[in-house]
Amino acid sequence: MSTDLLPETELRTEITVETTVNGQPIARTVEARRILLDFIRDDLGLKGAKRSCDSQVCGACTVLVDGLPVSSCCTLAYEATGKQVTTIEGLARNGSLDPVQAAFIEESAIQCGFCTPGMVLAVKTLLAENPDPTREEIAQNLSSNLCRCTGYWNIIDAVERAAARLREGNE
Amino acid sequence: MTVGHDIPRIDARSKAIGETKFAGDLVFPGMVYGTLIRSPYAAARITRIDARAAQAMSGVVCVMTGDDVLDIDPYYGHAIKDRPLIAIDRVRFAGEPVVAIAAETPEIAADAAELVEIDYEPMDAVLSIDEALAEDAPHLHVTELLRKGLFHGLGEFKLDPGNVCYHHQFARGDLDAAFAEADVVVEGTYEFPAIYQYAMETHTTIAEWNAAGDEVTLHSNCQHPFLVRAEIADLFQLPVASVRIVVPWLGGGFGSKSYTKMEPITVALARKAKRPVRIQNSVDESMVTTRRHGMKAWMRTGARKDGTLLAREVRAWFDTGAYADNGPRVVATGADAAPGPYRWQAVDVNAWGVYTNTSPAGSYRAFGASHLGWVGEAQVDEIGRRCGLDGVQMRELNLLEPGEYVRPGGKPLDADLKGDIRKCADNLDWDSPKPPNVGRGVSVGLLAAGAHPVSTAFARMEADGKVVLYVSSTDMGQGARTVFSQIVAEELALSIDDVRVMGGDTQVTPYDRSTGASRSTTLAGMAVLRSGAELREQLFDIASQKFGLPPEALEMRDGAIWHEDESVTYPDLIKAHFGMVGGELIGRGEVRPEGGSGSYAEGPVFWEVCIGGIELEVDPDTGKITLLKTASVADVGKALNPKQVETQEMGGLMQGIGNAIYEEMIYDPSSGQLINGSLFDYHIPTMLDLPGSHRSTIVENQDGPGPYGAKGVGEGALAGAIAAVATALGDLGIDLRQLPATPERVWRAQQADTNGTSQRPEAAGFSKVGS
Numbered sequence: 001m002s003t004d005l006l007p008e009t010e011l012r013t014e015i016t017v018e019t020t021v022n023g024q025p026i027a028r029t030v031e032a033r034r035i036l037l038d039f040i041r042d043d044l045g046l047k048g049a050k051r052s053c054d055s056q057v058c059g060a061c062t063v064l065v066d067g068l069p070v071s072s073c074c075t076l077a078y079e080a081t082g083k084q085v086t087t088i089e090g091l092a093r094n095g096s097l098d099p100v101q102a103a104f105i106e107e108s109a110i111q112c113g114f115c116t117p118g119m120v121l122a123v124k125t126l127l128a129e130n131p132d133p134t135r136e137e138i139a140q141n142l143s144s145n146l147c148r149c150t151g152y153w154n155i156i157d158a159v160e161r162a163a164a165r166l167r168e169g170n171e
Numbered sequence: 001m002t003v004g005h006d007i008p009r010i011d012a013r014s015k016a017i018g019e020t021k022f023a024g025d026l027v028f029p030g031m032v033y034g035t036l037i038r039s040p041y042a043a044a045r046i047t048r049i050d051a052r053a054a055q056a057m058s059g060v061v062c063v064m065t066g067d068d069v070l071d072i073d074p075y076y077g078h079a080i081k082d083r084p085l086i087a088i089d090r091v092r093f094a095g096e097p098v099v100a101i102a103a104e105t106p107e108i109a110a111d112a113a114e115l116v117e118i119d120y121e122p123m124d125a126v127l128s129i130d131e132a133l134a135e136d137a138p139h140l141h142v143t144e145l146l147r148k149g150l151f152h153g154l155g156e157f158k159l160d161p162g163n164v165c166y167h168h169q170f171a172r173g174d175l176d177a178a179f180a181e182a183d184v185v186v187e188g189t190y191e192f193p194a195i196y197q198y199a200m201e202t203h204t205t206i207a208e209w210n211a212a213g214d215e216v217t218l219h220s221n222c223q224h225p226f227l228v229r230a231e232i233a234d235l236f237q238l239p240v241a242s243v244r245i246v247v248p249w250l251g252g253g254f255g256s257k258s259y260t261k262m263e264p265i266t267v268a269l270a271r272k273a274k275r276p277v278r279i280q281n282s283v284d285e286s287m288v289t290t291r292r293h294g295m296k297a298w299m300r301t302g303a304r305k306d307g308t309l310l311a312r313e314v315r316a317w318f319d320t321g322a323y324a325d326n327g328p329r330v331v332a333t334g335a336d337a338a339p340g341p342y343r344w345q346a347v348d349v350n351a352w353g354v355y356t357n358t359s360p361a362g363s364y365r366a367f368g369a370s371h372l373g374w375v376g377e378a379q380v381d382e383i384g385r386r387c388g389l390d391g392v393q394m395r396e397l398n399l400l401e402p403g404e405y406v407r408p409g410g411k412p413l414d415a416d417l418k419g420d421i422r423k424c425a426d427n428l429d430w431d432s433p434k435p436p437n438v439g440r441g442v443s444v445g446l447l448a449a450g451a452h453p454v455s456t457a458f459a460r461m462e463a464d465g466k467v468v469l470y471v472s473s474t475d476m477g478q479g480a481r482t483v484f485s486q487i488v489a490e491e492l493a494l495s496i497d498d499v500r501v502m503g504g505d506t507q508v509t510p511y512d513r514s515t516g517a518s519r520s521t522t523l524a525g526m527a528v529l530r531s532g533a534e535l536r537e538q539l540f541d542i543a544s545q546k547f548g549l550p551p552e553a554l555e556m557r558d559g560a561i562w563h564e565d566e567s568v569t570y571p572d573l574i575k576a577h578f579g580m581v582g583g584e585l586i587g588r589g590e591v592r593p594e595g596g597s598g599s600y601a602e603g604p605v606f607w608e609v610c611i612g613g614i615e616l617e618v619d620p621d622t623g624k625i626t627l628l629k630t631a632s633v634a635d636v637g638k639a640l641n642p643k644q645v646e647t648q649e650m651g652g653l654m655q656g657i658g659n660a661i662y663e664e665m666i667y668d669p670s671s672g673q674l675i676n677g678s679l680f681d682y683h684i685p686t687m688l689d690l691p692g693s694h695r696s697t698i699v700e701n702q703d704g705p706g707p708y709g710a711k712g713v714g715e716g717a718l719a720g721a722i723a724a725v726a727t728a729l730g731d732l733g734i735d736l737r738q739l740p741a742t743p744e745r746v747w748r749a750q751q752a753d754t755n756g757t758s759q760r761p762e763a764a765g766f767s768k769v770g771s
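From first to last, the protein sequence lines stand for chains X and L. Under my numbering, residues 1 to 171 are what the first sequence spells out, in order. Under my numbering, residues 1 to 771 are what the second sequence spells out, in order.
These are computed hints drawn from the structure, not numbers from a lab. Because the structure is a prediction, the values reported are computed rather than measured. Just so it is clear, CB atoms sit at the ideal spot from N, CA and C, and this is done for glycine as well. There is no bait here: all hints are sound.
Label-pair ranges, simulated between beta-carbon atoms:
1. X/Glu106 <-> L/Gly692: 22 to 28 Å
2. X/Arg165 <-> L/Asp306: 54 to 60 Å
3. L/Ser58 <-> X/Gln84: 32 to 38 Å
4. X/Asn94 <-> L/Lys434: 54 to 60 Å
5. L/Arg500 <-> X/Glu137: 36 to 42 Å
6. X/Glu106 <-> L/Ile88: 49 to 55 Å
With the rest of the complex left out, here is chain X (with noise of 0.2 Å):
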């Protein structure tokens, strides 16, 4: 199919990335088709992003980019050129936690911690775009970060805790 749209010489089989990691600016040359997560897991040696569905259900495999929950498993590492991509690794700063990463300890919602780097980035996004939601509105917007160990309870106080926090922080 794509022949009839490229000729087989100009098919590219590396590609440039041009993104911005953490704050850091990365240019890697790669294979066209790496994918988001292998780049950062391999290429970048960030190992907090996890692999385990392989088809964007689980959610451990999740990273910011441009602030949003993205599937790096399910992504292009070139999707990411030009954007701004937040790993697990990008959120304590200096030693000194995110509030939401001390929420997740301080309510016991961290057991395998596998689906921990995950959840906790898209809590980040889920928090700033709804700094006091619900707890209805917190398991809508987490329905597609799996979790087998804790039974969600706890994550759900987590988020609530760290949204508190994070209300006061900003009055």
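Following the hints, position chain L against chain X.
Relative to the frame of chain X, chain L by itself:
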């Protein structure tokens, strides 16, 4: 004082910032990536494999087939050695690894896999228990050739020709006489689905051989590193000390990483590649690596018209897939749990493990109790309805008391079940009025927990008075390392920050039988406690010399040993002992069967209590269930960390809800392929599936065999929730015989109004094996 407090997890911060390294995050110099080509056929002969093009591809290190492992005995299986580490001549399930490729990158390995040509000659497959037990069914294995695995551990090893890999039975009392006395008899045939454990982190193993080829190191996300080590040593004919297994933090286990999974094929591929090799499953691959057993069962229960239970008879068949894996133990545990914690005049239980051409089934959290608990509890409630007793009254009338025997020869009941069930009912506001279409149910069960009571721990106090704990229980999210650090801190009057806990490493940390069956806190925790106690004795001995006083005159608190107002800190004691700044003290703790052989049949270590409470609403037009309230009771003897107990309860309960209402692996009846083999098609509960409210209670009667009277937690809530969904549906007159409780099944059951009276099964296999 750390025990009994909500100490935050020692791993939480590292996990919150994404720093924790899981197996898939590890990179080793020279590491290459393994990809597996898996069979699309459920049963077939492999007639030709041509991998020359793949082998010739740039970046491909090696291609491995069954021919490459014929220099060793390539069959393994801890219960039954029935499984080749890679397919040899034939495949027995869709998804079985046929070819393994090692390449410089995962992408090259995947590209190379496209170039491998494999010819199969399909064979007749048996895809269900009924098919497997049919008179003329093809046999998956030549049972005469099968051998006992290293950890069969379940009595006599005897396999009859055919597809039955294990039979467990027990009976007591005069069954016919007891049923003859019964005024009410409820019977039925039930089905429980195959279920995917879904640990979010998939099976991942990295194996590296030394140059001489006589030592191998694995980094693997396994729950039972010492059992895996034994199997690898056995397969590759190495001394156990030449196999090293390092276990990082696990991204969930739930039984899916118990025993040996991807390790043999990874070790074999690394042997051929002569490079470190990583094999990391995708979720689709982990789904066909292990699962929960699907089950068919027939059960009847008889009682007097006043509700007194008299007799129960059970026939159950567990689908273990193409290889036994932990099937025999699942069958035995399921059968043992079938009578439930009631007083019987007679019981008769038979359970079989059955091979089918589907992906292998093994352990999944609360196996056994999950399978038959809901069946038995539904029948208890149905009898109650006919006798005019509600679920709580039925259980108050019939439950065993502490000290009564659950089964002859085993451990007597070590829990107050009547108290537990009342608390659960309270959590559901049992006596409050129910709106139309709202059903309320409770459930109770017991699970033989603890597995084998063999664990060892070392506590090593450094010259600065801080402790490093060596214990091999795998922390897969349950929080074992946090609890261990609490125990040793308690024993040595240290703060939690003074304790570090090593992860499992078979070359460094001492033997621990396994991580599962809710045994870590109870057994490994007891070994930890004893290692701390031994260290404490050493400190007292040194202090005794220093003070010139007997140890009884001294007291330990705040990281020092005191006599009245005078104290010596641990670093000063160690310095005094060695005469220099340096050295260390090592305490050792051991748990082993005391006063018994410790065999599974004579156990259990403790009875894990399974309690569930559900209030749900059924839409009468669609059969859709809405969960209004859930309740659980954690009867844990002593909560060493109440918050962690709570999270075990809530997490277990949510998995139980998934098992009961949503989850089911569906195999195509013609091809045997898993139809819903991805998370796109297989529903794991999300936040939107949460019940309206949840209440759990922790019961601390100090009646456990673990540290400070503790006993394990983690499985009970799962099994309890499944059974409570069944009893809550029963409360609405919905006699559901097949899980999960999908809207269609609930709606049909609602229309059918079987009222607990379905007949003894007539399917070919049932009558044949059941007779």
